[in-house]
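K.L.:
Chain by chain, the residues:
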Amino acid sequence: MTTPVLQASNLTKRYGRVTAIESGDLELYPGEILAVIGDNGAGKSSLIKALSGAVIPDSGEIYLDGERVHFRNPMDARAAGIETVYQTLAVAPGLDIADNLFLGREERKAGVLGSVFRMLDKGHMRSEARRHMNELGVATLQNIGQAVESLSGGQRQAVAVARSAAFGSKVVILDEPTAALGVKEGNRVLQLIRDVRDRGLPVILISHNMPHVFEVADRIHIQRLGRRATVITPQSHSMSEAVAIMTGAAEPPPHAA
Amino acid sequence: MSTTATKEPSPPQDFEVRQQESLGLRLQHLLHGNPTLGPLAVLIVAIIAFSLANSRFFSAPNLSLVLAQVTVIAVLALGQTLIILTAGIDLSVGAIAVFSAILMANFATKLGMPGILALLLGLIAGTAMGALNGSLVTRFRLPPFIVTLGTLSIFLSLNSVVSQSKTVRGSDMPDLMTWTGTTIPFGGFRLTYGSIIMLLLFAVFWYALSSTAWGKHVYATGDDIEAARLAGIRTNRVLFSVYTVAGLLYAIGAWILIGRLASASPNVGAEYNLDSITAVVLGGTSLFGGRGGVLGTLIGALIVGVFRNGLQLAGVEVVWQGFAIGLLVLVAVSLDQWIRKVKT
Amino acid sequence: MRQSMLSKRGRLGPALVAITLVLGAAACGGDDSGSGGGETVGLITKTDTNPFFVTMKEGAQQAATKAGLNLQTFAGKQDGDNESQVQAIESLTSAGAKGFLITPNDSKAIVPSIDKAKQQGMLAIALDTPTDPPDAVDATFATDNYQAGKLIGQWAKAKFDKEGKQAKIAMLDLNANQVSVDVKRDQGFLDGFGIPVGDPNKIGDESDARIAGHDVTDGAEDGGRTAMENLLQKDPSINLVYTINEPAAAGAYQALKAAGKDKTATIVSIDGGCPGVDNVKAGVIGATSMQFPLKMAAMGIDAIDKFVKDGTKPQVTAGKDFVDTGTTLITDQPQAGVEAKDSAWGKENCWG
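Chains as they are written, first to last, in my numbering: chain A, 1 to 257; chain B, 1 to 344; chain C, 1 to 352.
Just to be clear, a hint being listed does not mean it is correct.
[Said to hold, decoys possible] With a straight-line cut-off of 25 Å between C-alpha atoms, the simulated DMTMM-like cross-links for lysine to aspartate or glutamate are:
hint: 1; chain 1: C; residue 1: K57; chain 2: C; residue 2: D199
hint: 2; chain 1: A; residue 1: K170; chain 2: A; residue 2: E215
hint: 3; chain 1: C; residue 1: K263; chain 2: B; residue 2: D172
hint: 4; chain 1: B; residue 1: K166; chain 2: C; residue 2: D342
hint: 5; chain 1: C; residue 1: K168; chain 2: B; residue 2: D172
hint: 6; chain 1: C; residue 1: K57; chain 2: C; residue 2: D79
hint: 7; chain 1: C; residue 1: K257; chain 2: B; residue 2: D336
hint: 8; chain 1: B; residue 1: K110; chain 2: B; residue 2: D172
hint: 9; chain 1: C; residue 1: K157; chain 2: C; residue 2: D132
hint: 10; chain 1: B; residue 1: K341; chain 2: A; residue 2: E215
hint: 11; chain 1: C; residue 1: K313; chain 2: C; residue 2: D144
hint: 12; chain 1: C; residue 1: K202; chain 2: B; residue 2: D172
hint: 13; chain 1: B; residue 1: K166; chain 2: C; residue 2: D79
hint: 14; chain 1: B; residue 1: K166; chain 2: C; residue 2: D332
[Claimed, not checked] Just a sample of chain A residues kept apart from chain B, beta carbon distances all over 10 Å, derived:
hint: 15; residue: D58
hint: 16; residue: P74
hint: 17; residue: T88
hint: 18; residue: A92
hint: 19; residue: D99
hint: 20; residue: N100
hint: 21; residue: G104
hint: 22; residue: M119
hint: 23; residue: L120
hint: 24; residue: S150
hint: 25; residue: M246
hint: 26; residue: A250
Keep in mind the hints are simulated off the structure, nothing from the lab. The beta-carbon is built from N, C-alpha and C at its ideal position, and this holds for glycine as well.
Kindly generate the complete structure, drawing on both the sequences and the hints.
P.N.:
Now the structure itself:
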């Protein structure tokens, strides 16, 4: 078996009396889209937050490319190559697309202008932004310099996904990317996600939307009661079976993948 | 489930495009992208109107005068702009300015320090007061309104104690302290060094806000602080820096004030809070943060100065000056609300 | 045995009495508010930052200590703060004060609180600013602001007549609210100068060509400078400047100086603060009408003292509904027919 790109082993996280995850496991292999599904309170949120550095687990290990890693905050995870797209997107509505793509990672001009005067290399950032959007197959929106808040929900999602694909070097985690979108835009975003995977970045996708999950995922991690119930594929089980395992109506089968 | 590398990207996708817009919507979008346009239009119309009312209005001496009159408030409003861009507000602006002036003046006279040292310590004091505001806002996560309301009282009380309610005369101070009031000819105009400093400061911060990462972070923090944080911006640092820099700006304003009045008085500046906020709001910067800029503030300050001077020259009774400014503010805020409603 | 115990008790008694006497004397000794173990009285000023009220407070404290009264002082948070003054009266009432002096921030709004206090038998005295109606208090000790304005008006008229100059007058007032002190000084000045006054309760309704214009200063240097600049732009021939107070005058002077008119224009003002007197000496201000806040406070405390001792209430000055604490013209350029004192005298009697 190939080494997983990202692996969580025996993670535990308690909030007071409540156990969010216990003996939580997860593997993400290269070149795949792993969907994580589970009912509310199953612990998928905490599991993902542990992987993205937003939460520090009480115990357990996380391995990136086989190496043990400790994330003290989201920046550590980012620095290690894990990019997360949160449900709220984390875009600054008043700034433009290029600004948002490089938010927190702005590029400065070379030489004195950059080091002493801290001048931003806006031209370069704009052309890079255009390139990233094109590579992901997103038609150049009217103007790369337009404010993000004037974009539709799907376009904004595209900017956020493009940002994660541009800077993520190991893993991209997407939290409910199609939740707020209509049917048409939701499908566009799914295609975007496939393109990210096809460019060589494995993706973890959290979603409540079963049809979307079954359409795009390579493997499906089912989280239940704080731990992994099983992993299935869209081929091995049907949607209703997956839901049944998720809610506990059916016994989880041994891992199908 | 292929594990091969890059595949052909799917054909360019067309996300939903906005429908054709009405004129009103287009105006809304235009103003949304350029919040300075409205105030600039108001300023130009006002200048034209007052020039017609009294030919003396549009003359080099009079316009130089208006610039000198708005200089102190413009500098204070510059600091206030940075804070309001982060969706905060600073009610202690007048207190910090007046107290810094009293401190520098007393350092130079009562403690007999040389001018440059007194000035430096005064600037440091103002910066420290701003830093106090900044740390209370970030460390204790108190709303800026409450924090600066409290520090306003504290600084004013300290001001009373240190000054003993006494004004320090310019003639008793070293020349450096009143240097900002010296005028130099410039074309047909007469500029004070204070006004030159003010214009330089505006240029510096216009640059900083538009072309540095710090500037982008200020806007992002004010626009949506959670999003900024998640995007990796150290929002606490941004907020702290903004209040601290503002404190320094207020102290520089204090130095310019001493030059203009040839004295340091503990009783001036009762209206500086409202005046600075008025300039910011008239300039198109949104009180909700994330929108606007320093150029607008300069225009806002000029609008107030032009109205005061122009109405007096036009022979209008003083009571209408306040009325006019109040009306302008209401219009500016309503405009901002309308612009913000840009549909997505 | 019994004898030694008796003698011990004997020594103890006098010791206890001595200690009590010492402690009692210490308790009755001076703290800086002049508590003489006597009756409590109060002083409520508009603010505690304006040097005028700071001086008033000092005068009241001195007078209270001398009279053996216990003075409690209060102030509004800013000009116009009525609420704090209402609370101050309530505090004094519950402290059992016999009377109080007040410079009301809001002449009308404070009256109900004063009525309540008087019903409790307290003596209420207004200082500097009358209440509305003026007889809401038992007495008012104040400057006759109209007279103060009139004096500088008369002085200016005499000076300009002597020098054969036509006056062009800039009126630098307080604010747009037409408050009593502003109106009285403004109208008094015009009357003293000989300009017909229109409605004496209103600023700005005069149409005499000698008046170049009115503007407002907020009674401070920065307002004074801006107002003077704008009026000068409107009419560069201004050569006489009336100012509401000396800080505004100082600001106006800076504007005149910047326009090169400091030698050709004359500034008159009202207040009599020591910085203002210095400005008279320096030639910045031509003449100023001095007020006497110390006298106001002393007379006020004196009146309460008499009331405490034998219940007599103060008498008003003939023809006025307040006790005039006087104004004196201070100038180094005396004019015939206008009584004045010079800046040296002014320096000895100034406040702040």
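K.L.:
Confirm or reject each hint.
P.N.:
Now for the hints, and whether the structure bears them out:
1. K57/C - D199/C: 35 Å, violated
2. K170/A - E215/A: Within the cut-off at roughly 23 Å; holds.
3. K263/C - D172/B: 22 Å, holds
4. K166/B - D342/C: It holds: about 23 Å lies between the C-alpha atoms, which stays within 25 Å.
5. K168/C - D172/B: 33 Å, violated
6. K57/C - D79/C: Satisfied, since the Cα-Cα distance of roughly 16 Å is no more than 25 Å.
7. K257/C - D336/B: 42 Å, violated
8. K110/B - D172/B: 10 Å, holds
9. K157/C - D132/C: With Cα atoms ~33 Å apart, K157/C and D132/C exceed 25 Å; violated.
10. K341/B - E215/A: Answer violated: K341/B to E215/A is near 37 Å, above 25 Å.
11. K313/C - D144/C: Distance ~21 Å between K313/C and D144/C Cα, so the pair holds.
12. K202/C - D172/B: 40 Å, violated
13. K166/B - D79/C: 18 Å, holds
14. K166/B - D332/C: Holds, at roughly 24 Å.
15. D58: Holds, because the least Cβ-Cβ distance between D58/A and chain B comes to about 23 Å, which exceeds 10 Å.
16. P74: Incorrect as stated: the minimum Cβ-Cβ distance to chain B is 7 Å, not above 10 Å.
17. T88: Label violated. Min Cβ-Cβ 7 Å, cutoff 10 Å.
18. A92: Since the minimum Cβ distance to chain B is about 4 Å, A92/A lies within 10 Å and the statement is violated.
19. D99: 6 Å, violated
20. N100: 8 Å, violated
21. G104: Given a closest Cβ separation of 3 Å, the condition is violated.
22. M119: The claim breaks: M119/A does not keep its Cβ more than 10 Å from every Cβ of chain B (closest is about 5 Å).
23. L120: 5 Å, violated
24. S150: 6 Å, violated
25. M246: 22 Å, holds
26. A250: About 25 Å separates A250/A from the closest Cβ of chain B, which puts it past 10 Å; holds.
The structure fails hints 1, 5, 7, 9, 10, 12, 16, 17, 18, 19, 20, 21, 22, 23, 24 (numbered hints given earlier, in ascending order).
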